[in-house]
Each structure stands twice: as structure tokens, then as C-alpha cells.
Amino acid sequence: MPELIIPLILLPLGILAVLALRQARLTNPQAGWLFAVFPFTAFISLLYSASHMGEKGLTFSVPWIPALGLNFSLYLDGLSALFALLITGIGTLVVIYTGYYFDHGDHDHAEHPAIEYRFFAYTLLFMLAMLGLVLAGDLITLFLFWEGTSISSFLLIAYKFKDEAARKGAFKSLFITGGGGIAMLAGFVFIMSISGSADFKTVLASGDLLRNSPLYPVLFTLVVMGAFTKSAQFPAHIWLPEAMSAPTPASAFLHSATMVKAGIYLLARLNPAIGGTDLWFWVLSIFGITTMLVGAYLGFKQNDLKPLLAYSTVSQLGVLIALIGQDTEIAFKALVISILAHALYKSALFMSAGIIDHETGTRDIRKLGGLRKQMPIMFGIVSIAALSMAGLPPLFGFLAKETLLASATHPSLPAAIEFLFPLTTVLAGAFILAQAALLVRGVFLGKPADEKHPPHGHDPKIGFWLAPAIPAVLSLLIGITPVEPAFLVDFLAAAAKAAYGAKVKISLALWTGINVPLILSIIAITLGSLVFWQRGRIRAWMMNFLPNFTVNMLFNGTISGLDSLAATATKLQGGQMRFYLRVMIVSMIAIVVLFSRISLEMFTQNLTLGIEGFNGLRAFSLLMVVAAGLASVIIRRDLHAVIALGVSGLGVAVWMALDPSPDVALVQIVVDILSTVILILSLNILPRKQRDKANEILHSRKSMRRDVVIAGLAGLVMAAITFTALTTRPRESVVSPFYADNAKPLTGAKDIVGAIVVDFRAADTMIEIMVFAMAGLGIYTVLHFASRKEGEHSHIEKSKLNPPHTPLGIHGLPTSPLLHLLAYATLPLSLMLATTHMMYGHDMPGDGFTAGVIISLGIAMWYIIFGYEEVRRKLPWLNRNTLIAIGLLLSLLNAVGGMVFGGGFAAPVDYGAMLNLPLPTGFAITNSFLFEVAIALTVTGAATLILDNLGHPRDHHEEDAQPVSLKEQA
Amino acid sequence: MSLLTSLAVGILFAAGIYQILRRNVIRAAIGLVLLSNAVNLFLFSAGAYNGAAAAYSTATSQISDPLPQALVLTAIVISMGGFAFVLSLLYVISTRYKTSDSDEVKGLKN
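Chains Z and G, in that order, are what the protein sequence lines are. To convert, note that position 296 of the first sequence is 296 in my numbering; the numbers rise steadily by one, no gaps. Quick note: to get my numbering, add 970 to the position in the second sequence (first position is 1).
No lab work stands behind these hints: they were computed from the structure. Just to be clear, a hint being listed does not mean it is correct.
As the list claims (entries may be wrong) - Straight-line distance between alpha carbons at most 30 Å, and here's what the computed DSSO-like set of lysine-lysine pairs gives:
#1 Z/Lys452 / Z/Lys367
#2 G/Lys1076 / Z/Lys689
#3 G/Lys1076 / Z/Lys702
#4 Z/Lys301 / Z/Lys452
#5 G/Lys1068 / Z/Lys693
#6 Z/Lys56 / Z/Lys505
#7 Z/Lys373 / Z/Lys452
#8 Z/Lys447 / Z/Lys367
#9 Z/Lys689 / G/Lys1068
#10 Z/Lys160 / Z/Lys301
#11 Z/Lys461 / Z/Lys571
#12 Z/Lys693 / G/Lys1076
#13 Z/Lys162 / Z/Lys447
#14 Z/Lys301 / G/Lys1076
#15 Z/Lys571 / G/Lys1068
#16 Z/Lys702 / G/Lys1068
#17 Z/Lys301 / Z/Lys201
#18 Z/Lys461 / Z/Lys447
Computed from a predicted structure; not experimentally measured.
Whenever a hint applies, use it, and build me the whole structure from the sequences.
Shown next, in the form of C-alpha cells:
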């Protein structure tokens, strides 16, 4: 059903609207009303979907990674509808409320402050994640959105990021919920592998399979860790009170009504699949009851309204977890009623706390008091919500508590907790009632607690108080309505049925006669009143009695332990690059030796295969490669070593040519020469004194011996890998025959390698030339900016001011006229050669790379012979950046041309034939040809840029070093 | 022939590793080129089949495997770009730290 996706599309649109309007002349309240349209529309659309979902629910699914059997799917049934409507409904109110919360009445001034667009955007982002979480139709989709709520919650808690408490609270919440999320993902993987699918329909249907699996305790523990951390169960509850550093709208929304219920939702959702076992019952009951007591106890100690409410939320979450643990109808009736009741009164109370803070400037009950006359409307709203929280009739909260008590006294409970469960419920209920009373009394009744500084405040604008008023009034209406609203009953019944797995009867009647729950309720109310009456003594006693060890200490200890571990680990890193390299290389050798299956046997078995096919010429080329390579190691003088290196590279080219593969051999030759040239040029930029000082022989022979061993081992491993690969490789290729057969018919190229590079893998090549261009630009940037000290002008800029016109080579050494002549002849020749490469590269050896490098080599010769300034003067057309830009642009346009004329990105098009141009045989203006031109231009530009920058004479080196390379040569 | 090829790759690789472990940064740069040559040699020889003719559609005898050739062609050009960039970093080291000795480059100065 596609309508399911609508709410998930609306919210991103809302985020876009927020970002688009962030500079608009809106006040925060106006913005709040405006942006509330998005969640409200989502609410309406969900209401529509929920009324049409029927017994089976709605599903929506699109393939995501079909190869892994993963879908992006959504699922709406009673349970998800309950949560989704709460999220969008309360979300709408919260967005409106947010506008007023950030309104400080200063928008009449000429200077218009920007709206708090970040907050609106984060809130909508969170709403999107939360809605996706409850609508998710499979485990992986759920996980994605689950992590989304953790991240958006982090952003909201750290909203006032300049405040250290906010940052710490945000970190703690992300650390705990994120860690739980990872455990949960692992649990999901187990569920998926046992049930064979990530889809909820399959998972929920394979309950017996999952429960009987030997891995059940593992997957149960992992999933429960995710749920418990998210829903702030003891001992992971510590993040919730600290999350109160978030602006109040976020606390009202995330940390009371929605996000903390994600764990509840998850367990309720999975109850038919993995619930109902003894393990499930005991773990959920024990943690739930503990959390309920801890929350009720700690909340009563608080003076700040928000932590007080946060702890009562913790307590309530414990109740919900304990309810899911039970396998009775009444427990699930209690569950859905409690979820709704709690969401209504707690969001109202949180928003009211924000209003009180906004109007009076404090949330501390030690500074408040006696505000009932100044803020009559708020007094009303808070009283209603607090009565519901306390579980007093005739409010909805009373009903929630009655069903809870009925469930706690259900005869099916095991004897061990037959008394414990009702007892703790009554005790927690008493404390929650006392907390509610404390709240109303502390803020509105009596006299101001601090007589010298009585709080000032008045009722806010209607829009501001409307947001908490609506849920508060709803808690009253649902309680007192004489006729049970049928749609609400059906709706809650559907939600409970989805979680319980069987039909649940729901009634919303307050009066059910005198029975055990009612009596317990009366006991709880009496006890709660006593606690409230004696609050001074009890609170003082609580403050002094065992308040000092908290779970937070454990958490902080762990974190600081990790920090010091990290500090120790960092000390191991001395900053010596060679040490790191040695560690990496040795570890790689160790990994290969330990874990690969390469063995001596494989070597002896395949020895004959390794010897056959001997070819004298190839052996000679390999000898050339190896001998020159080793020479470059042994030779002491850097310049000579570089030349040996060049010879070794040419040996590689010879070997390639013998393969035979002329294209690659050509590229290898020109690239090798160019690399040698730029290496020689850069010898010039590293003063010889420096290099000589760095020579090992002056320092230690020990490290050289050690490195010989390391290098020898690495070479041995590499040789073994190569030998194994070459002797055991499959002799059939799947891909290559396709290229070989299709090169000519599809691209018109005779050269298969060329066709692969510029046609079949054109996008790859395009990215490649971009990388090459980026290297050139990177070098330019590094040399112009990174290397110069602060305040110092780039050496190139400096020399531009004063270009010397001398027909001299690098460092002003005079060059012979014969060389000049050679250079004059070479450049046009290289241009011509390059052009033929581009024109005929499709059918013959050579391509755009070769062409580009050939031109660059011609230019390199000019640099060496005429010197930097002279080349710039003589070749004004050689604008490197323009060449790169034109090359890249042409390659893009060309690929788009393929799209327009050839039916696909970079598809082959023969423009010459299209325009009936008279062209010589063997040459066609195809887009492959244009691509070759583009490649050549880019490569020329980038290579010249490299030469230019590495080959530029540097003034400041002349002080401490003689020009090196040419002197060495001479 | 595979035996010889593997030996050559191994020796070249060892030479490269030894060079990048030298204190002189220009030697490390040389080592980088040796390493990329060794790897290109390996990749190039890892084609599925050897042939007697170059990979052209007009060839009459068995052609050599074109796929590794095309990939190595790309690799050669890219490694040259990366190599040139490394050289520019060497220049930065030389001017900022007044040394070409990688052991003397410790921490981030300036």
C-alpha cells in the first residue's frame, strides 16, 4: 500500500521547508505553526491508513538489496499505528510548542533574529526516524531508523553545544543507546538466520523455531540489550536524566513520549516471536521492577522539575517492560492503556515544565511556589496531568494503574513473585503519587519557597499553553466519558492484539466494582499521601542515606579507563614513520603466513607448471628489471639510483611488449621516462646536503640489516603469492572473451585494450583522468601554499614579478645550441606523434594517455634545456589549468553526447559518419576519439603542472646547496 | 616461466620494501616506484591466458588476455600521479623541517 510511505515523505519535505525558510522573516511561533503542518498532515494520513488497515494490517515493500534478500518495507498494524499516531500527534503539538519556547518576544526589533531552524530540522529528523522505526516492516529497516533516532536524539540533547553538560549528556546517551543498537543488530542477525528472513511477517510466524533454537538465549540477550538501553532500564537508565539538558520540547517529545518507548515497541513487536519463555518472563520482570523502583525512588529526591519527570518516566518504562514480560491478556491490556496514558500526561507535564521555566526563569521547586494565582491556566493543566500521573480517579491514569494492578495480581504469576510484584507496584505507585503532588505543591500551591525572591510569571500566550493543554484534557476526557469511545477501544485492542499475539479485550470503564486492584489502589494512594505529608523528612533521609554510589560512577570510571588506555596506546606511537611501516609490513607478512593456505607443497606440486613455457627473451627482460632494480638499491648516489630505476621500468616495458601487449608497453615506456624526469627534477628540490646527512651509512648498519631481513621476507611472501596465483589461476575468463568478441561490433575498435579503456570502462577512465588532474592540482596547491611559511609569498609569485630572459637551462647553466635545435625539433614532433596516437589509437597501439605523456615529455625537454621562465615565455598557449579544464569538460560532454545520440552514458557515437565528413580511412570522429583527445589534454595539463612545479628553480635552496642534479651529471 | 616471473616480482618487491624503509626520503620515493612496478608486473601476468598475438580483433592466433592489460594501463597512470604528489610532499618536508631524513620528521611543526 503506497499510502504508507506518505508520512515518511512528508517529514523530509518538512525538513527541506525548514532549511529553505531559515532566512525568511518569520518569528519562531509563526515558524512553529507553519512547520507543524507537516507532522499534522502525516498524522491525518496515518489516521486514514489506520482506519483502513483491517485485520491484517498494511504493508509496503520495495526491493533494496535484492541480492541479499533485503527489502525496504513498511508495516502498519494496531501496534505500529498506536505508536505512529502518538509520534505524529504529539509531534505536531511539540513543533507548535517549540516555536513559542524559543520566542523571547524580541521580534519587534528592527534586527530580525533567525528562527531556530536547526531545532525544527532536528525535531522533524527525529520524527522521521521514530516514525520509520515503528512503521518498519522488517528488522533491517527498523535497525536503520533505530540508529537514526539515536543520532537525532544526540543532536537534540547537544543542541546547546556550548554547554558542557549538554555535550556530556549527549555523548552518554549516544554511547549507551548506540552500543545497545549494535548488540540489537547482532541479535537481529541471529533472528534472520534462524527464521530465514528479515521480514516481520516471517519472523513473527517463526516463533517456535526461534524459541527452540539453541541460540535463543544469545539472540534474546542481544535484542533485550538494545531495548533496555533505549528504554532506559536499570542500569542503563543513567542517560535519561542527563538527556534533560536538551531544550524542553525535545525532552517532552523524545525523552518521555516517543524515543524511550522504542525499546517497549521493539519488545512488544517481537513478543509473538521471541517472548513467552521463562527467560523472557524473568529477565523482563526483574529489570522492569528494579527500574520501576529505582525511578520512583530517585525521582522523589529531585528539586529540578525536568529530572523529577525524567525519573518518573524511567519508573513508568520499568512498568511497561515488566508488563511485556507477562504472558497474560490483562498485561497487554495494561500495556497499551499505560502507553497512551503515560504519553498524554507526561508530554503535558514536560511542556508545562518548559513553560514554567520560560515564564519564571527557573525549574527549581526550591525557588518556585504559590504561582496558582499568577498562572491559573497552567495550574489547571498541570493539576489535571499530575492527577493522571498520580493515578487518581477520574483520570485516564487511574484506569492505567487499575489495569496494571490487576495484571500484577493475576493468578498466573509464579509463586516466587506473587507478593513481590503487587507490593513493588504499590510502593512505586505511592512514590509516583508523591512526586506528582510534590510537583503541583512545589510550583503552584502554598507560599513561595524562597520568600525573599518570589517567582514572577504569568500565563503565556494561548498557542503556548494549548500544546500541553490538549493531551492533559484528553487524559481527563478519556477518563470521565460516560460512553466508551468505540474507535479508541478498537484501536487499543488492535494494538494489544498485535503485541500479545491473540485477541485482547479492552474496556475503559473506571468503575469495575470493589476488587483487589481497587483496594491496592487505595493502599497506594494512602501510602503516597503519607509519603508526601512526611516529604521533608523522607527527602532529607534520602539525601543522606546511600545516595553516593551510583551507576554513573561506574560509567564514568569505564570511560576514563578507556581514555587512559587510549593515552597509553598513543604513547607507543613515537612519530617515526619507518617504525610504523615496519610494523605494518611485518604484520602483513605474519597475516599471510598464518592465514593463507600457501604451503611448500603447493610449490613442489606446481613446480613443473612453473618451469614450462620458458622464453629466453622474457627471461632477459626480467633480468633487466631485477638487476636494474637492485642496482637502484645498491648505488649510493641518488641520481644514479634514479637512472637505474628508470632502466628497471623500461625492463618492465620490454616484458610487457613481449607478452605481447603494445598498448601497455607504450604507456609504461612514456610514463617511466616521465617519472624519471620528475624524479631527477625533484632531486633538485631536496638539497644534497640534506640527503647526504640522511644516509644510513653514517648512522647505523644495524637497522639496515634488520630491514634487509624484513624486505627479504616480504619479497619471499610476495613471490609465493605470485607463484601460487600464476600456477593455480583459472584458465578460463568470463569477462575477457566478452570484450574480445564485442570490441569491434559494439565500439568499432580493433584494439581491444583501447576499447576497454575508452568504451567499456569509459566512466572508470574518466574518473582516472580526474584523479590524475587532481594529483597535478594537489601538487600545485601543496607547493604554493602548504610549503610556504606564514606571511611569505609563494616563490613562484615572487619570480613572476621579475622574469629573467635568459636562454639558459635549469639553474642558469648554459646549454649548447645543438641541444636548443634538438628541443625545437622535438616538440612539434611529439605533438605530431601524439596526434597520430589519438587518431589511430582505436585500431593501433597507443591512446590518449600515451599522447598526453608524449607531449609532456616534449615540454619536459624544453624545461630542462631552456629553463622555466623561457618556456613560459615561448609557449604562451601552454596554460595548464585551461588544458585540464577543457579536457575534463570535453570528456564529460562527450559522455553526455553518448547519452543524447547513442542511448547511454558514454555510448559509442560516430559523429563523422553522422555528418558525412570526408575522412581518411582508418580515422573516424567517434566519441571514443574525442575522449582520447580529452584524455590527452587532461594528462598534458596535469603532467605539465607537475613538471612546472617540481621543476621550478627555488631561490632559498641556493643558499644552502649547490644545484645538484646537473652538477652530478657533469 | 611463472617461476621466474614470481621470483622477479618477489625480488622487485623486496627491493621496494627495503627502499621505503630508508631514512633518505628520496630513497623511499624510489621504493614506491619499485613497489608499483612489482605490483603491475604481478597483475599483468595474472591474466587468465597467455597469447601469441596482441589483443586486436584482427589477430589470427590466440590473443593475450586484454582485461589485465587495460587495468594495468590505468594503474600505471594513476600510480604516476600519486608518485608525483609524494614528491611534492617531500619538498614540503625538506623546506619545513630542513631535512630529508624521515626519522627527523616527528610531530607537526608549525
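Pair hint lysine 447 of chain Z and lysine 367 of chain Z, alpha-carbon separation not exceeding 30 Å = Holds, at roughly 10 Å.
Pairwise hint evaluation, lysine 702 of chain Z against lysine 1076 of chain G, where the allowed Cα distance is 30 Å at most | holds (21 Å)
Proposed proximity, lysine 301 of chain Z with lysine 160 of chain Z (alpha carbon, max 30 Å) | holds (26 Å)
Proposed proximity, lysine 1076 of chain G with lysine 693 of chain Z (alpha carbon, max 30 Å) | holds (17 Å)
Restraint check for lysine 689 of chain Z with lysine 1068 of chain G, where alpha carbons must lie at most 30 Å apart = holds (10 Å)
Take a quick look at whether lysine 56 of chain Z and lysine 505 of chain Z sit within 30 Å of each other, Cα to Cα.
-> holds (18 Å)
Is it true that the CA of lysine 461 of chain Z sits at most 30 Å from the CA of lysine 447 of chain Z?
-> Within the cut-off at roughly 25 Å; holds.
Given the hint that lysine 301 of chain Z pairs with lysine 452 of chain Z, does the C-alpha gap stay at or below 30 Å?
-> holds (24 Å)
Holds or violated: lysine 301 of chain Z with lysine 1076 of chain G, Cα cutoff 30 Å?
-> Roughly 54 Å between the alpha carbons, so the hint for lysine 301 of chain Z and lysine 1076 of chain G is violated.
For the pair we were handed, lysine 1068 of chain G and lysine 693 of chain Z, check the Cα-Cα distance against 30 Å.
-> holds (11 Å)
For the pair supplied as a hint, lysine 301 of chain Z and lysine 201 of chain Z, confirm whether the alpha-carbon distance does not exceed 30 Å.
-> violated (45 Å)
Are lysine 571 of chain Z and lysine 1068 of chain G close enough, with their CA atoms no more than 30 Å apart?
-> Judged against 30 Å, a Cα distance of about 25 Å means the pair holds.
Of the hints listed earlier, those the structure fails to meet are numbers 11, 13, 14 and 17, in rising order.
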